[in-house]
Structure formats: structure tokens, C-alpha cells
Amino acid sequence: MKTNDTRRELNLELYRMLYLIRTCEETIVEHYFEDEMKTPMHMSMGAEAISVGICQALRPEDHVFGTYRSHALFLAKTGDTDDFFAEMYGKDTSSLKGKGGSMHLCSPDHGFMGASAIVASAIPVAAGCAFANKRANNGKLVAVFFGDGAADEGCFWESLNAACLMKLPILFVCEDNGLAVHTPKSCRRGYSSLVDVVSKFNCIAHEHKTTDAEAIYELTSELIETMKNEQKPGFLRLEYCRYLEHVGVQQDFEAGYRSVEEFEQWYKFDPVALQRKKLQNLGYQTDNIKRLETEIEEGVSRSFSKAKNASFCEVSELYKEVLV
Amino acid sequence: MRNISYCEALNEAMAQEMQADPDVFVYGIDVADHKRVFGSTKGLLEKFGPDRCFSTPLSEDAMTGFGLGAAINGLRPIHVHMRVDFMLLAMNQLANMISSYRYMSAGRLEVPMVIRAVVGRGWGQAFQHSKTMHSCFAHMPGLKVVMPTTPRDAKETLVAAIRDDNPVISIEHRWLYDVEDEVPEEVEPTFLGHGRVLKQGCDITVVATSWMNIEALKAAEILAKHGVSVEVIDPVSICPLDEELITDSVTKTGHCIVADNDWVYAGFGAELAAIVSEKCFGTLKSPVARIGFAQTPCPTVRHLEQEFYPNAIDIIETIEQKLDLEETDLSGEDFYSYENKFKGPF
Numbered sequence: 001m002k003t004n005d006t007r008r009e010l011n012l013e014l015y016r017m018l019y020l021i022r023t024c025e026e027t028i029v030e031h032y033f034e035d036e037m038k039t040p041m042h043m044s045m046g047a048e049a050i051s052v053g054i055c056q057a058l059r060p061e062d063h064v065f066g067t068y069r070s071h072a073l074f075l076a077k078t079g080d081t082d083d084f085f086a087e088m089y090g091k092d093t094s095s096l097k098g099k100g101g102s103m104h105l106c107s108p109d110h111g112f113m114g115a116s117a118i119v120a121s122a123i124p125v126a127a128g129c130a131f132a133n134k135r136a137n138n139g140k141l142v143a144v145f146f147g148d149g150a151a152d153e154g155c156f157w158e159s160l161n162a163a164c165l166m167k168l169p170i171l172f173v174c175e176d177n178g179l180a181v182h183t184p185k186s187c188r189r190g191y192s193s194l195v196d197v198v199s200k201f202n203c204i205a206h207e208h209k210t211t212d213a214e215a216i217y218e219l220t221s222e223l224i225e226t227m228k229n230e231q232k233p234g235f236l237r238l239e240y241c242r243y244l245e246h247v248g249v250q251q252d253f254e255a256g257y258r259s260v261e262e263f264e265q266w267y268k269f270d271p272v273a274l275q276r277k278k279l280q281n282l283g284y285q286t287d288n289i290k291r292l293e294t295e296i297e298e299g300v301s302r303s304f305s306k307a308k309n310a311s312f313c314e315v316s317e318l319y320k321e322v323l324v
Numbered sequence: 001m002r003n004i005s006y007c008e009a010l011n012e013a014m015a016q017e018m019q020a021d022p023d024v025f026v027y028g029i030d031v032a033d034h035k036r037v038f039g040s041t042k043g044l045l046e047k048f049g050p051d052r053c054f055s056t057p058l059s060e061d062a063m064t065g066f067g068l069g070a071a072i073n074g075l076r077p078i079h080v081h082m083r084v085d086f087m088l089l090a091m092n093q094l095a096n097m098i099s100s101y102r103y104m105s106a107g108r109l110e111v112p113m114v115i116r117a118v119v120g121r122g123w124g125q126a127f128q129h130s131k132t133m134h135s136c137f138a139h140m141p142g143l144k145v146v147m148p149t150t151p152r153d154a155k156e157t158l159v160a161a162i163r164d165d166n167p168v169i170s171i172e173h174r175w176l177y178d179v180e181d182e183v184p185e186e187v188e189p190t191f192l193g194h195g196r197v198l199k200q201g202c203d204i205t206v207v208a209t210s211w212m213n214i215e216a217l218k219a220a221e222i223l224a225k226h227g228v229s230v231e232v233i234d235p236v237s238i239c240p241l242d243e244e245l246i247t248d249s250v251t252k253t254g255h256c257i258v259a260d261n262d263w264v265y266a267g268f269g270a271e272l273a274a275i276v277s278e279k280c281f282g283t284l285k286s287p288v289a290r291i292g293f294a295q296t297p298c299p300t301v302r303h304l305e306q307e308f309y310p311n312a313i314d315i316i317e318t319i320e321q322k323l324d325l326e327e328t329d330l331s332g333e334d335f336y337s338y339e340n341k342f343k344g345p346f
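Those sequence lines, one after another, are chains A and B.
When we follow our numbering, the leftmost residue of the first sequence carries the number 1, and every step to the right adds one.
When we follow our numbering, the leftmost residue of the second sequence carries the number 1, and every step to the right adds one.
Just chain A, with the same shape it has in the complex (with noise of 0.2 Å):
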């Protein structure tokens, strides 16, 4: 059991990350009409506790893999705000110098290891990861993240099989809001349930429909442990809203493919604002909670200024780094 102490400390950071993820993602929103960050944009917003709840429950070593919609993974995994609004103006002062884009994050310092916007091209690269930590006996874990189309495409069997067969040290991560692009479940899947055929395969496969960053830690935390002891791989499937539309930063509810309703019942559990109820309730005063929302603010807004008033790089970098 945790000590009261030691889960308010958790809850803060998890808010801290979620608070720090929507505001921007938020300021993204204010901005991407400048037409100045030019990278297509897949929004997080209504996943944040996806990705905050696992890294929470990795460890920094960890590595991580992503899609083409990691604004949250990213965050949640680097921390690094200024990189991340350097890298959507695509400018100098970016790691990435403007090579990646929204869609192709990457950060291996902070063992982010690539994003693919190709669906599930990223998860067959993360078993390989994972085969040469286990080689290494380093004790480090992958955690791929993928939507749940990526379950339509063969390489994501073909590396959940060779990845069981393995006994790879791996977290499948699905984040699942039910739409591959605009396409529903039922117009895409042969059968009914992604966890039940993944659980015949050799690993440890659980699903959870919440946005509460919290017991998403504590359910990976314990995935996590079982994997360890059983030496096997883990399956996540976790159920969130997309707030916005597929690509871009509004929303699309008038183009009929899903319903406000849902969205609105999601939204009663916002997961940022279900975060700052948690932690009144754990007895942080409204005031502690807005001093340190105002101080995340103020850090992405420098961030922000930062990238948008950096200058972009030589155009000699284009032919750099396509080989060693």
C-alpha cells in the first residue's frame, strides 16, 4: 500500500504531466492558424492519461515508440517543451532540425526511439529493441504505443507473435478510440474482442476503460511486474475519446461519423480536469494547484516564444545524416 503521502506526490506529477501536455497541445490549437507550423497535426487531446499513466510507470531508461499522434507520448516521456515547439516549427534549435515533424517525434536521449506515421510500422522496430535490451540483460523495457487500427495491419500479429515467441521484454500499448481514420470497429473487424484473440497469444493482456491516469499506473506498474516474473510480453488495450478530428485541431462531430453524445459523456471525465478534482480531494488547496498551473503555463509560453522566434537551419543541412 502507498503511504497518503507518496499518492499525493504521484497524483501531483501525474497532473503536473497532463496539465503540461494540454496546455500545449492548447497553445497549438491558438497558433496553428499562423499557418507558420507547417507539420500535420494528430492531436492527443482526450488520450493524455494514456500516455502519462505508462511513462509514469516506466522508468527514464525505458524506450518508448510512438505514432504519428505523440504530442502526449512525447511530453510524457521527455519532459522537454522546448524541443517539442522547436521541432513543430521545424526550426535550428529542434534536435530533430525540423526533419521529423509532428508525425515523427523522436528524442533517444530521453529514450524516445521514433515514431512511424505509417500504422504499425513502428511496432515489428520496437520488438527489435527490445530483443537487443534483452540481449544486453540491461533490464530495460520498450513500450510500443499504437492505435487500434494498427490491429488491421499484419505486421502488428507479426511482431506480437515473433514477440511472444521471443519472451521480449515489451509493452504493447493500444490506445483505442474506436476509429481507424473515420472508420468505426464494426466496418473494419472480422471478430469482437482485440484482447481476447491477443490473450491465445503467449502474453499478459489486459484492457481498461478509464481516463484516470492513476489507475493507469497502477495497472501497468502491475503489468510490468507480472511481465518481469513470467518473462512474458504485455497487452494493453485502453479505451479513450479523440477529442478533435483525425488530423488537425478542430473538431469534425458535423461530419456525422460519430456523435457528439459520446463525446460529451467522455468529456464529463476529462482526464485533466478528473486529475485537479483528485488531487482537491487529496487535500491540495485551489491555490497550490493554480500556482502550479501557472507556472507550467509560463514554461510553455517561453518554450513557445522560444521556437517561434528561433531561426531555421542552414539549407545544407538537407543533404546531412542520410548516411553515416
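Treat the hints with caution; some may be incorrect.
Claimed, not checked - Taking lysine-lysine pairs in the DSBU-like style, the calculated list, with each CA pair at most 35 Å apart, reads:
#1 LYS42(B) <-> LYS232(A)
#2 LYS341(B) <-> LYS279(B)
#3 LYS218(B) <-> LYS199(B)
#4 LYS278(A) <-> LYS228(A)
#5 LYS42(B) <-> LYS140(A)
#6 LYS134(A) <-> LYS35(B)
#7 LYS185(A) <-> LYS228(A)
#8 LYS277(A) <-> LYS228(A)
#9 LYS47(B) <-> LYS134(A)
#10 LYS47(B) <-> LYS167(A)
#11 LYS200(A) <-> LYS35(B)
#12 LYS167(A) <-> LYS225(B)
#13 LYS228(A) <-> LYS47(B)
#14 LYS35(B) <-> LYS232(A)
#15 LYS320(A) <-> LYS225(B)
#16 LYS308(A) <-> LYS320(A)
#17 LYS199(B) <-> LYS140(A)
#18 LYS134(A) <-> LYS42(B)
#19 LYS167(A) <-> LYS209(A)
#20 LYS167(A) <-> LYS199(B)
#21 LYS278(A) <-> LYS306(A)
#22 LYS225(B) <-> LYS252(B)
#23 LYS38(A) <-> LYS209(A)
#24 LYS47(B) <-> LYS232(A)
In short, the hints are calculated from the structure, not lab data.
Model the placement of chain B on the given structure of chain A, informed by the hints.
Just chain B now, kept in the frame of chain A:
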């Protein structure tokens, strides 16, 4: 120096590099079965254990991405495909991931990975077991592509590929596996991008890839008896390409034929013809000629297959046209036929 086969040269290259560097491992479909990829991975399982030499599920796509993940995390994978055609199942990983991973990370991640793939031919290999694809792979920035012909180059390029910090695709023709030649036991530190003059000559340059070098050397041998001196150049590495070796030769001879082990249209021969035209235009005495597969899928039945593949006679005829020679008397000449090497059934 001792003589060993092309296959033994590949095997020796991997064994020596695995011995020298514990991060090197070899894997792929049937890599560790009793046949050991035509013998090229023989002994590696016994010497280095199942962690460093293993067979995989039939998942070319995922297992290619797997190599990328291992490579960016400290290992040096060698992924083996028994046919280039099977590699096409992994085109997403090659074209969208491996080739651009270093670039995407602005050089923070390196991909020291080798992909070996074998080109099949003959006895019904047909359209799904016979492709070479080097021009497709070389088309994409971020990949190196080699296709050695001689046993010595097979060893040297594989050693260099394993030590290279970039993804390297090595394309090996199955018919070359039994060719024996001098191969040094110890390979000097080497890097990729060196072509080789397989035969010196002064009348005409034939740039040939992979098996087509065997045909080109045969053509050169026959024509030499008739006083025609053919220079045969094996680029060995398709990307990076030893352009200077080729353009120097063409500047000397004034004629260039590209005999590619591939289709002609939009192929490596077209690239080379463009390079030679751009760099040797003033010295060219005739347009660059291209020889390659018929523009059809590879057929199964023997007589159609014979028509599909170019050979030494096609090269001789093209040289005759270019140099305005009389038709060469080929009676009594002995040409390669796989029936002399291999009798079915499989």
C-alpha cells in the same frame, strides 16, 4: 592464397565478423535449419549459439523492422532472405523506415544493418524467385546496395557491409555460390563503393552486374581470339557507385555496353547510360547500349526462360554492331548452361 567458393567466402565473412564483434548476429527464415541458406550460414549456430544465429517466423515485414530496432539499439543484425522476391514483403520497412530512420533522427540513431538476399534462376524459379531489384533499392536515399560477383568481392563487401554504420543490402546470385577463386583469409579494412576491372581491354567497355559478369567475361574471352579487346567492369557496389572507374574506362574505349542482371526499362542500365552520357559525351563513339531481361515476367518453361535471360552471345552481338565487326564464328564455343551444374528435381 587459397581458393574457396563464393558461398564459403560469405560464410567466412560472417564467421570472422561474428567472432570479432559480439554485437553481430544473423537471422532470417531458415537461417538455422539443416540447409543453412545454401550453406552460407553453415556452422554459425554451432559456433555462436541460438542467440546469434536463428531462424524466424515467416514474417519478412516484421522481422525487417525487428532488425532496424536491434540496430538502433546497439546490435549489428544480418538479415537473410533466400530470395530477393521475399524481401518485397518488407518494402514498407525498407522504404518508409530503414532508409529514413537516421535522417528522421537528424543522425541521432544509426542503422548498422545488413540485408543479404539471393537471386534465383533456372529450373522453374520463374517470376517469384528470380528478381534482383537493385535499381529499386538504390533509388532510395539512405540505403547502400552491393551485388558482388567474385568470391573475393563477396567476402570483402560483406565484411565492409557488416562494419558499415548504414543499412546495406547485399544481393547474391545463386549461380555464383559455387564459383571458386582466390580469397584472402584476412580482409584489409575496406569500405563500400569500389568497383573492379575484371578484365582489361581497350576497344569497348562492358559494365556488367552480378551473373552478367560471367557472361561478359565469356564474351570477352571469345572476342579476344578474334582480336577484339573488351574491358569488363563490375561495379560491385550499385550505391555508392564507383563512377570514376567506369567513366575512365569509357573515356579510354569510347564505347559502353551495360549488361544488367535485371530488366532494362527504368533500370540500373538507364542510370549508368545517363551518367556515361553526361560525363563522357565528348569521347563517346556510339550511344550507350543496354542489355538485360526481356520486358516480361520471368517464365517457368526452359525455352522461354532461355529467351528471357541475356547471355554472352547477346553481348557478342552487341559488340559486333558497335564496332562494326563481322559475325563471330561461335562454333566450338562452350557456353554456360545450368544443366551441366544442376539436374532436377528439387
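Evaluation of the provided hints:
1. LYS42(B) <-> LYS232(A): Roughly 31 Å between the alpha carbons, so the hint for LYS42(B) and LYS232(A) holds.
2. LYS341(B) <-> LYS279(B): Between LYS341(B) and LYS279(B) the Cα gap is close to 41 Å, so the pair fails against 35 Å, i.e. violated.
3. LYS218(B) <-> LYS199(B): holds, 11 Å
4. LYS278(A) <-> LYS228(A): Cα-Cα ~31 Å, so holds.
5. LYS42(B) <-> LYS140(A): holds, 33 Å
6. LYS134(A) <-> LYS35(B): holds, 28 Å
7. LYS185(A) <-> LYS228(A): holds, 32 Å
8. LYS277(A) <-> LYS228(A): Given that 35 Å is the threshold and the Cα spacing comes to 34 Å, the pair holds.
9. LYS47(B) <-> LYS134(A): holds, 20 Å
10. LYS47(B) <-> LYS167(A): holds, 23 Å
11. LYS200(A) <-> LYS35(B): Judged against 35 Å, a Cα distance of about 32 Å means the pair holds.
12. LYS167(A) <-> LYS225(B): violated, 63 Å
13. LYS228(A) <-> LYS47(B): Satisfied, since the Cα-Cα distance of roughly 30 Å is no more than 35 Å.
14. LYS35(B) <-> LYS232(A): Roughly 31 Å between the alpha carbons, so the hint for LYS35(B) and LYS232(A) holds.
15. LYS320(A) <-> LYS225(B): Roughly 50 Å separates the two Cα atoms, so the pair is violated.
16. LYS308(A) <-> LYS320(A): The given pair, whose Cα atoms are some 24 Å apart, holds under the 35 Å limit.
17. LYS199(B) <-> LYS140(A): Cα-Cα ~54 Å, so violated.
18. LYS134(A) <-> LYS42(B): Holds. LYS134(A) to LYS42(B) sits at ~25 Å (cutoff 35 Å).
19. LYS167(A) <-> LYS209(A): holds, 27 Å
20. LYS167(A) <-> LYS199(B): Violated, at about 52 Å.
21. LYS278(A) <-> LYS306(A): holds, 33 Å
22. LYS225(B) <-> LYS252(B): holds, 21 Å
23. LYS38(A) <-> LYS209(A): Holds. LYS38(A) to LYS209(A) sits at ~34 Å (cutoff 35 Å).
24. LYS47(B) <-> LYS232(A): Holds, at about 28 Å.
In the structure shown, a violation is registered for the earlier hints numbered 2, 12, 15, 17 and 20, in ascending order.
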